[in-house]
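Read off the chains here:
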Amino acid sequence: MKSPSDRTSSRKSLPETDVCPELASLGFFKSQRLLALRHRGLLNPEEIDEYIALGGYAALPKALFDMTPEEIVDEVKTSGLRGRGGAGFPTGIKWELARNAESKSGSKYVVCNADEGDPGAFMDRSLLEADPHAVLEGMVIGARAMGASEGFVYVRDEYPHAVRMITRAIEQAEDYGLLGSDILGSDFDFRVSVVRGGGAFVCGEETALMASIEGREGRPRPRPPYPSQSGLWGCPTNINNVETWANIPCIVERGGEWYSGIGTKESKGTKIFSLVGKVVNTGLIEVPMGMTLREIVFDIGGGVPRGRKFKAVQSGGPSGGCIPESLIDLPVDYEELAKAGAIMGSGGLIVMDEDTCMVDLARYFVSFLEEESCGKCVPCREGIKRMREILTDIVEARGKEGDIERLEELAYAIKEASLCGLGKTAPNPVLTTIRYFRDEYESHVLHKRCPAKVCKAMIVYRVVPERCTGCQRCVQVCPVNAISGPRSQPHNVDLDKCIKCGACYEICKFDAIAGDAIYIE
Amino acid sequence: MNGLTILLGTASAEVKAKLSGVLQGEGYDVDSAGLAPDLFARLGERTLDLVLLSDDLAETNVLDLTTRIHDLHPKLPIVVVATEPSVRDAVEAIKHGAYYYLEASIPDSDLLDVIAGALELELELIEEAEHRRARRLVSFEDLESIEAIDSIMRRHDFASSRLVGVLQDIQKEMRYLTHDALRHVAGRLGIPLPRVYSVATFYKSFSLKPRGRHTVSVCLGTACHVSGGVGILEKLERELGIKAGETTFDERFSLESVRCVGCCGLAPVFVVDEDFHGKVTQEEIASILENYE
Amino acid sequence: MVSFRMNRRTLKVEDGTTVLEAARDAGIYIPTLCYHPALESVGACRLCMVELSHRGRTGHVAACVTPAVDGSTVKTDTPAVKRIRKTVLELLIARCPEVAILRELGERLGVGEPPYPLENEACLLCGICVRACREIVGAEAIGFAERGAASEVLPPFAVPSARCISCGTCTTVCPARTFELSKVDAVGTMHGDSDDVRTRKCVVCDEHYTSS
Amino acid sequence: MPRLTRDGLDALRAELRESTRLGAPGRRVRLTVHLGTCGLASGAGKVLDAARAALEERAVDDVVVATSGCAGLCCREPMATVELAGEPPVKYADLDEKRIVEIIDEHVLGGRIVPAFVLGTGEERRA
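Protein chains in written order, with this note's numbering: chain Y, 528 to 1048; chain L, 363 to 655; chain D, 107 to 318; chain B, 305 to 431.
Just chain Y, same shape as in the assembly (with noise of 0.2 Å):
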């Protein structure tokens, strides 16, 4: 295996080179660097042998022989590394309290933070799955600066290939003592274990996370005390998200100095974002940060598909916010989103076009949110269920004035009063689409009408006589005999029958035939 320096300069010019474009010239491709996904498409996840032929664990033994705990965490603070989990804490002073922090029975645990919960984002998934190793690396060398001899990956269950690759990977890590007693020979001991979570968004955060580590519910409690001083079984406990750990070895190996360069002014290196939602080319990109949106949706998503209109990006998930079009030169960092309503959260990056209505979308958010609320504490248990009846009611025709300004009363309590950042961060959805969309609540509350289209109670299906070629695939998809006509004859609706569940709409649009010849009004 060569390294990737070598493959490049041993290219050699193919005759095909006009029609076979190279790689790196492409528009998903061009302004890619990868870091924590280094080793993308290069590795088998299941051959340790794989990862160490391709450089990896260099950066262990420097950590382990080479530098003092100290001058590790001194790495990490000079890096300018923030946590990608979301809330963009800096890694290094993490690390620093956490190796400060006194454990009355000596015990200290790291934690990979896998639990991936915003819905949107998969760069945690795909961490795990092609490059387990790396985290693994990461979280060896922050265990031994922060002086923890045990560790756990609390990944979702939902995400079995990931469990499986991690799992094996620790298996070959122990084999090689790379994990275990006594690492390379160095007298550093450091375990990991893998914990399933159980299919509840809260445990992300991190009181809920360890709650569920130590085999109880996922309910947050408050902080102080923070995890570095009690976490754990009450010891002193560093938590960090799937990316994290993986920029670590890169650090340790290249140098805080390096990494620092990469990035804008607070917010340093790369950043993965799952780009998805209305956008051609979908997938999973890293970035330096500061890139703005436009180069994001534009240049490497390559724009919105079957020439629809840009809308806006949703960012952050659940605790996130939409930015819109007109916000669309915004250089993505921590404190830009932040500017903007949204945040980073973990990077996941939704395009939105005309199709998409945002009052259909924040009460999605927020019905996301009820289900997920641990419900201990009133402002989110209840408030978020009270915000989710309201917009409930704008998106089912029944809204009425006065309801805007009462979701945004709650918002405000729910904000400042939730116990955990699930709650504190909930309203951001319903806030952002307030603040950039307001017309399209106001269109849903007093006009009772969806720009977008979106929301059924405000909607028809109807048939376009002109285009309708009378093909009858919507005759057959109806599921409730709605439509009917006989064949190369426009078909027509029956309103009273139909469900508007477009399946019609959905066979008669991707017709190239037939082109949209069902239409909604």
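Because the hints were derived from the structure by calculation, they are not lab data. Treat the hints with caution; some may be incorrect.
[What the hints assert, rightly or not] Once the Cα atoms are required to be at most 20 Å apart in a straight line, the calculated EDC-like pairs of lysine to aspartate or glutamate come out as:
1) 350(B) / 652(L)
2) 566(L) / 880(Y)
3) 192(D) / 930(Y)
4) 1027(Y) / 601(L)
5) 589(Y) / 361(B)
6) 942(Y) / 862(Y)
7) 792(Y) / 856(Y)
8) 192(D) / 176(D)
9) 350(B) / 636(L)
10) 350(B) / 601(L)
11) 571(L) / 252(D)
12) 942(Y) / 157(D)
13) 557(Y) / 822(Y)
14) 192(D) / 935(Y)
15) 980(Y) / 923(Y)
16) 1036(Y) / 645(L)
17) 566(L) / 258(D)
[What the hints assert, rightly or not] Which residues of chain L face chain D? A partial, calculated answer using Cβ under 7 Å:
18) 386
19) 508
20) 541
21) 554
22) 556
23) 559
24) 560
25) 564
Glycine included, every Cβ here is placed at the ideal spot set by N, Cα and C.
Assemble the complex: chain Y is given as a structure, and chains L, D and B must be docked to it using the hints.
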């Protein structure tokens, strides 16, 4: 037979016949002794679950006997049956280590209630009692599942902190969590049952209701939501004739919505067991389902 | 010792004293529901929110779980604090419109009819009973089931628990008076109407005292 | 495998680099099928099976069939990379069982790239 043995200490043939009849009728195995030495011999030679002492044993004070048995086997419940009851004796018997003191004339049903209660306290720990009760309540076939559950817990070193993992593995093996399974786990891991119940109802991946052979999970993550995931879910509901969270009558499919399966690049997505189906349309759903028997 | 400002006064308290305890000692009113002096505080009801400023940062915290910090400033009655408490109390009243203590608090805080459809729950989900049963009684017979808005306080499987000793502690600590304990014959009825606990008679005094 | 020391790890790395180098005996071509969850959902498992079967059928013994995690571009899954010793890797997209066999016959065995299915050639940019 319920697998539990009671040692009956009485010199009276009448009492012996009456109590043995009642106990055996309830499924207990009854052994008896008429003299103190015999009683202690029995105590030494077999595993007992409870001692029922009548105060008619010759030459022996029932209170002293209680103390001696209690000292030897502090966890063995002792119930004293008094032919001549008195409040003072009752108090003394309890002080000497008896679990209960009752009148010989007590109705059979009350006697059985007391014994059932005593057996739960056999190991003093209520958790253990719950574990025992789970063992007692299950039928023969279920004893096999108890073994299976035990072997799952063994894989987790019987560590109470591994509760979530234990329940996940039980659910994977048995498709859902029975009340008995939860009781058994609580007893074995030494976790109060209410905590086990809280955990089992808090996490959405657990089901306390029977589930189908295949689980159909429709992703309703954001990318799937904006790409028609709800339409896919509704189509599946119509196709299977059940709502999300329900199981088909033939127990072939359970349908559920999940918050995000992390396969957003292929939205809309649904998952059958561990098979991901991406970029699906309502039209192809029926043919996908056909692959699962 | 910790010295900090509360409203316009300077308070000196022992290390580890919470803002709420400090306020109570100083006679400054902060409303609470899920707080109980004999139990571990969990910060669930969020009625005790106050404004805390420390080292140039200002935010809202729950007084019952926040230790007083030296040199900080706490304000218990800013317009923002009142606004938060109003919404929180309205949410609670809408959930449990029949619970007297909420109406009393409403009168004190000037909160009237909530602007939401009324439900008719008896339980505030403050968790005091659950904590009392665990921390004081040690029986741990009841716990939270489900989560979010579906949360409930229940014995396992919503059937009488062998762990319940029918002591009635939960009924006396409940701020909403959700629980009742009546002893009729061999049945002690607790916990609304959902959980009948059979009790056993004491052979000496003939009183029902514990679950069977 | 014995537990490694620092020197042992360095030696192992050097040994592995040599033994897994393309061009070494039995390692003329590396065919990597990218198997993330997205890839699997799009049928990458079937593509891998088809590739293995085709190579077996043709009794080829100098091709290393490998797998990797996600290749990043979910919408173009399943993807595979063909790397001939001494040449830049070629990434193919939108594959199915039939296309991978065609790629094996043309590119892996014949050395001729199949432009119709090519996503791009060469490496991704790494930081």
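We went through each hint and held it up to the structure:
no. : hint             : in the structure
1   : 350(B) / 652(L)  : holds, 19 Å
2   : 566(L) / 880(Y)  : violated, 32 Å
3   : 192(D) / 930(Y)  : holds, 18 Å
4   : 1027(Y) / 601(L) : holds, 16 Å
5   : 589(Y) / 361(B)  : violated, 47 Å
6   : 942(Y) / 862(Y)  : holds, 19 Å
7   : 792(Y) / 856(Y)  : holds, 18 Å
8   : 192(D) / 176(D)  : violated, 29 Å
9   : 350(B) / 636(L)  : holds, 15 Å
10  : 350(B) / 601(L)  : violated, 27 Å
11  : 571(L) / 252(D)  : holds, 14 Å
12  : 942(Y) / 157(D)  : holds, 14 Å
13  : 557(Y) / 822(Y)  : holds, 11 Å
14  : 192(D) / 935(Y)  : holds, 14 Å
15  : 980(Y) / 923(Y)  : holds, 12 Å
16  : 1036(Y) / 645(L) : holds, 13 Å
17  : 566(L) / 258(D)  : holds, 16 Å
18  : 386              : violated, 22 Å
19  : 508              : violated, 18 Å
20  : 541              : holds, 6 Å
21  : 554              : holds, 4 Å
22  : 556              : holds, 4 Å
23  : 559              : holds, 4 Å
24  : 560              : holds, 5 Å
25  : 564              : holds, 5 Å
In summary, the structure is inconsistent with hints 2, 5, 8, 10, 18, 19 from the numbered list given earlier, while agreeing with the others.
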